[in-house]
Structure formats: C-alpha cells, structure tokens
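Trainee: Below, each chain spelled out in residue letters.
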Amino acid sequence: MVHETLAATNAVVTLDVAIPDIFWGWYVTMNMWAKSIGTGLVFMLFLLLKKNSSEMNGLRTPVMITSFIFMNIFLIFTWLDLHQMWRMWHIFFYPHWTSAITVGAWMATLFVGLEFVMIAVMIRKEKCLLTKQPTAFFDKTLFWVTLLAIPVTLYTAGIMAEATARELWQMPTESAQMILAATLSGSAAMILLGGSKLSDETKSFFGSVLGLSALMAFIIYMSEYIFGAMKAEEVAAILHYVKGDGEYATMFWIGQWVAYILPMLLVALYRVSGSNSILSLAAILAIAGLWVVKHVWLVIPQLLPLS
Amino acid sequence: MQLGFLVDLHLCMGCKGCEIACKVENEVPLSTWRLRVKYVDVGTYPETKRTFTPLRCNHCENAPCERICPVSALHYIDNGIVNIDKERCIGCAGCVMACPYGAIYIDPETQTADKCTYCAHRIASSMMPACVVACPVEANIFGDLEDPTSNISTYIQQHTDVQVRKPEKGTNPHHYYVGASQAHLNPLASRREEGYNLFNKITTLPLGGHH
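Residue numbers (the numbering used here), protein chains in the order written: chain A, 20 to 326; chain B, 411 to 621.
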C-alpha cells in the first residue's frame with residue numbers, strides 16, 4: 020500500500036484546487052430512505068396477502084397511500100437534487116439505457132403510476148371503470164407491483180455501483196443492503212400502520228421480519244467494517260472515517276445502534292413479553308436509524324480526494 | 411482515429427501556463443478547473459523536491475461518466491473524445507460521482523456538468539488544444555494513438571515508464587504520463603494538510619446553489 024511509503028517520502032500536497040464538497044448529500048439520503056419505506060410497505064402488504072388475506076381488510080388503501088406518499092417524497096428529493104431540475108423530462112426523451120439512473124427513473128415512474136391506479140380503484144369503488152371487483156383487482160395488481168418493487172428498490176445500488184470512483188459501494192453488498200433496508204423499514208412501518216388491525220400472530224411475524232432484517236444488515240455492515248479494508252486501499256482509507264476517531268465514527272455507531280442493535284434487542288424482548296409498545300418502539304427506532312445509517316455510508320466515500 | 415494525451419513530467423516545471431490557457435480558452439468559471447497542476451513536495455529538508463502533475467479528463471475508452479449519464483449528455487465522438495452536451499445535461503452529478511479522477515465539475519453558472527474536452531472545438535478546426543500550445547517546454551504531447559507515426563505514439567514507443575492514473579479501475583484512459591511516481595499519480599500516496607495550502611487556506615469547496 021502506498022500509504023505505508025508516506026513515512027519515507029513525506030509527500031505532501033502543497034498546491035491543488037479545493038476538494039469539492041459532498042455532492043450527494045442528505046437529499047440523496049432522503050431519496051433512499053423514503054424509497055425503502057415506499058417499496059418495503061408493498062413487500063409487506065404482499066406478504067400479508069399471502070399469509071393471512073383476511074387481515075388485509077382496512078389495510079389495503081391506507082398502506083398503499085402511505086407507500087405512495089413515501090414514493091413521492093423519494094421522487095421529489097430526487098428531482099430537487101438535480102442542478103437542472105426543469106430538464107428532468109430529458110430522461111424520458113433522451114434515455115441512455117446503460118445508466119441505472121435512467122432505468123430507475125422509468126421503473127419508479129411506472130411503479131408510482133400503478134400505485135396511483137390501485138389507490139384510485141379502491142377509493143372510487145362504486146364508480147370504478149376499470150373493474151367491478153376492486154379488491155380482487157387490487158390483490159392481482161399487487162403481485163405485479165411487488166415484482167416491480169424489487170428492481171425499484173435495487174436500482175439505487177446500481178447507481179452506487181456505477182459510481183466507480185467510490186470504491187466502497189459494490190453492487191453485491193449494496194443490493195443486499197437495499198433489499199434489507201426495504202424489509203426493515205417496510206415491516207416497521209407495517210407494524211405502526213397495522214396497529215390493532217393486525218393479529219398478535221401477524222405482528223409477531225412482522226416483528227421477526229424486522230429483527231432478522233436488522234440482524235442481516237448489521238452483519239453486512241460489520242463485515243465491511245472489519246474486512247473491507249483488506250480488499251482495497253481506497254476502501255481502507257474510506258473506512259478510516261468511521262473507525263477510531265474518524266469524523267463520522269460517532270454517527271456510524273449511532274446509526275448501527277438505533278437502526279439495528281436496539282431494534283433486534285427490542286424484538287427479542289417483545290417475543291418474551293408480548294408488549295406491543297416495545298414492538299412499536301423497535302419499529303420507530305429502525306425507521307429513524309435507517310436514515311442515519313444510509314447517510315453515513317453515502318457521505319464517507321465522498322470525503323476522499325480523487326486526485 | 412483515437413486522440414490521446416501524454417505529459418512528460420520530466421519536462422513539466424509547474425508554470426501553470428496550461429491551466430491558464432485552458433481557463434481562458436474555455437471560459438472556465440472561477441472556482442472550477444478543467445485542467446490543473448498539482449504540486450506535491452517530496453522528501454525531508456534539505457533533501458526535498460517539488461513535483462508537478464497536470465491533471466485533466468482522461469477520455470477513457472471505458473468511461474464511467476459516459477455509462478452513468480442518464481441522458482447521453484456525456485458521449486463519445488468519432489475521434490475518441492468524451493464530449494459533453496451542456497444543453498442536454500440535467501445536472502444529476504452522476505458523472506461527478508462516477509469519475510475516478512475527479513475530473514468533472516458542476517459549472518456554477520450553467521448548473522451543468524463540465525470537463526476537459528481536449529478542446530474539441532479547436533480540434534474540429536485543425537488546431538491543437540489550448541494547453542498544448544501554451545506549454546513552454548512541450549511537455550504536453552497530443553495526437554492520434556492509432557497512427558504509429560504520430561508524436562504521441564512515437565513517444566510511447568521510445569519510453570518504458572509510460573503510466574496511466576488508476577489502471578486498476580479498468581477505465582482504459584487515453585491520457586498517459588512519462589516520469590511519474592506514485593506521489594504524482596496516486597492521491598493516497600501523499601498527505602493533505604488540513605487548512606493549509608501554498609496560497610490559501612481553503613481545502614473544501616462549498617457547492618452553493620440548492621445543496
């Protein structure tokens with residue numbers, strides 16, 4: 020590693036341009052966080068349909084509306100992050116299909132469009148022109164929307180992987196993290212939205228999804244934390260920002276505790292005590308902590324000088 | 411035709427003539443650079459020396475910026491240059507994030523991405539890039555890499571220490587250096603003292619705008 024030659028060369032940059040500040044900041048964090056909740060809720064609604072469809076009553080419309088709202092938060096922050104936001108339409112008229120940004124924009128638009136149709140059908144049941152059986156239509160469409168939710172939640176990992184300057188972000192780990200972020204935040208949001216409409220058994224099921232998602236995501240982060248530095252010196256230099264007295268070390272560990280460790284412990288406690296308050300607390304912490312975790316991982320590779 | 415650049419670092423004396431010529435030719439706004447010369451001091455006093463490295467877009471054969479651009483604002487032209495269409499750019503900064511060399515910036519005036527184009531507009535009129543013309547010691551060598559008799563091809567044939575920046579990235583840059591050390595090419599091979607620079611104390615550039 021060239022870093023080890025520094026003691027011998029004592030090489031110091033004495034004149035260079037200023038390093039650009041963070042380009043993808045908290046707007047992009049909001050984008051990823053809101054998309055995780057939006058797609059995660061669709062995953063959980065589909066799981067509920069397959070597990071116990073009778074509990075879907077009274078949950079179809081509010082859950083889909085919540086997902087729709089979070090998907091629109093995601094779209095708004097994506098749009099606001101553009102330096103030329105009024106040219107957004109270029110993505111649809113001059114698409115470049117090697118770009119994960121293009122593919123994602125098209126899929127997310129289709130996804131949100133389908134969600135809108137499903138909500139409209141459920142709200143205007145009597146006057147619906149599409150179908151005489153709105154609930155059956157909703158449940159059938161949910162299958163296709165769930166399928167679409169997989170690439171919609173994954174495509175941001177593709178963008179990060181295409182940002183080849185940022186060695187830390189690799190497609191295999193980031194795609195796993197994106198799916199786990201969706202199942203973590205989706206199950207958490209479902210626990211909070213379901214409330215008394217969900218049976219104890221179903222709540223316990225979503226609690227397990229939450230706890231296992233937290234566990235697996237935590238394992239991946241710890242694997243990167245411990246072993247990441249061994250694969251490339253750039254990764255080692257980036258991870259230095261979250262290790263020891265690194266400038267993002269505190270924020271990194273707050274995120275890990277709030278998003279993963281505490282929810283895992285609280286879910287375990289819930290399974291022993293059966294207290295709904297404990298499960299709700301785990302859900303709130305997971306959703307809040309996910310933002311912090313995402314933000315740290317987004318920012319740290321951008322601190323490294325590229326030239 | 412495949413245009414490429416080579417800088418002989420044995421010759422470069424860090425005068426920054428290329429940097430200024432580029433700024434003037436392309437009307438590059440304040441606080442942004444298409445081409446810059448980085449100074450790295452190596453050694454311990456009194457055994458010290460200063461190295462100079464001109465840094466610009468590498469016009470990669472496998473350009474990450476071209477791949478990630480959602481609207482093909484970044485595109486290849488027939489002579490191998492990675493060019494940019496500022497009218498089409500939506501300013502998503504994907505290219506800024508994708509370039510392993512930090513060669514792309516967001517123009518604060520147009521709010522679109524911009525970078526070195528090897529002075530594509532000058533080449534279209536059979537002129538050399540502005541930085542090549544300005545260099546007093548002919549350290550910048552520019553030409554067709556597919557023509558074995560071109561200056562750049564001859565230079566590559568005659569020198570054994572031809573290198574590119576970050577070859578491990580698989581970008582296949584068309585920008586070469588002769589006489590480079592790790593301190594020249596690898597950002598991790600030198601320290602950056604916080605808050606200290608030769609001429610100012612600015613180490614990080616705030617982005618402004620809506621960020």
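Hints listed in this document are in silico derivations from the structure and should not be mistaken for laboratory results. All C-beta atoms, glycine included, are put in the ideal place defined by N, C-alpha and C. Check each hint, because a few of them may be wrong.
[Claimed, not checked] Only part of the chain B face toward chain A is listed, based on derived beta-carbon distances under 10 Å:
{"no.": "1", "residue": "465"}
{"no.": "2", "residue": "570"}
{"no.": "3", "residue": "589"}
[Unchecked claim] With a straight-line cut-off of 27 Å between C-alpha atoms, the simulated BS3-like cross-links for lysine-lysine are:
{"no.": "4", "chain 1": "A", "residue 1": "70", "chain 2": "A", "residue 2": "144"}
{"no.": "5", "chain 1": "A", "residue 1": "250", "chain 2": "B", "residue 2": "576"}
{"no.": "6", "chain 1": "B", "residue 1": "576", "chain 2": "B", "residue 2": "433"}
{"no.": "7", "chain 1": "A", "residue 1": "70", "chain 2": "A", "residue 2": "216"}
{"no.": "8", "chain 1": "B", "residue 1": "459", "chain 2": "A", "residue 2": "250"}
{"no.": "9", "chain 1": "A", "residue 1": "262", "chain 2": "B", "residue 2": "426"}
{"no.": "10", "chain 1": "B", "residue 1": "433", "chain 2": "B", "residue 2": "496"}
{"no.": "11", "chain 1": "B", "residue 1": "579", "chain 2": "A", "residue 2": "262"}
{"no.": "12", "chain 1": "A", "residue 1": "250", "chain 2": "A", "residue 2": "69"}
{"no.": "13", "chain 1": "B", "residue 1": "459", "chain 2": "B", "residue 2": "426"}
{"no.": "14", "chain 1": "B", "residue 1": "576", "chain 2": "B", "residue 2": "426"}
{"no.": "15", "chain 1": "A", "residue 1": "159", "chain 2": "A", "residue 2": "222"}
Trainee: A separate judgement is required for each hint: does it hold in the structure or not?
Mentor: To see whether the hints hold, each was checked on the structure:
1. 465: It holds, given that the least Cβ distance between residue 465 of chain B and chain A is near 5 Å, below 10 Å.
2. 570: violated, 21 Å
3. 589: violated, 16 Å
4. A/70 with A/144: holds, 25 Å
5. A/250 with B/576: Holds, at roughly 15 Å.
6. B/576 with B/433: holds, 26 Å
7. A/70 with A/216: holds, 15 Å
8. B/459 with A/250: violated, 32 Å
9. A/262 with B/426: The hint is violated at about 38 Å.
10. B/433 with B/496: This hinted pair holds, its Cα atoms lying about 17 Å apart.
11. B/579 with A/262: holds, 25 Å
12. A/250 with A/69: violated, 41 Å
13. B/459 with B/426: Distance ~18 Å between residue 459 of chain B and residue 426 of chain B Cα, so the pair holds.
14. B/576 with B/426: This hinted pair holds, its Cα atoms lying about 23 Å apart.
15. A/159 with A/222: holds, 24 Å
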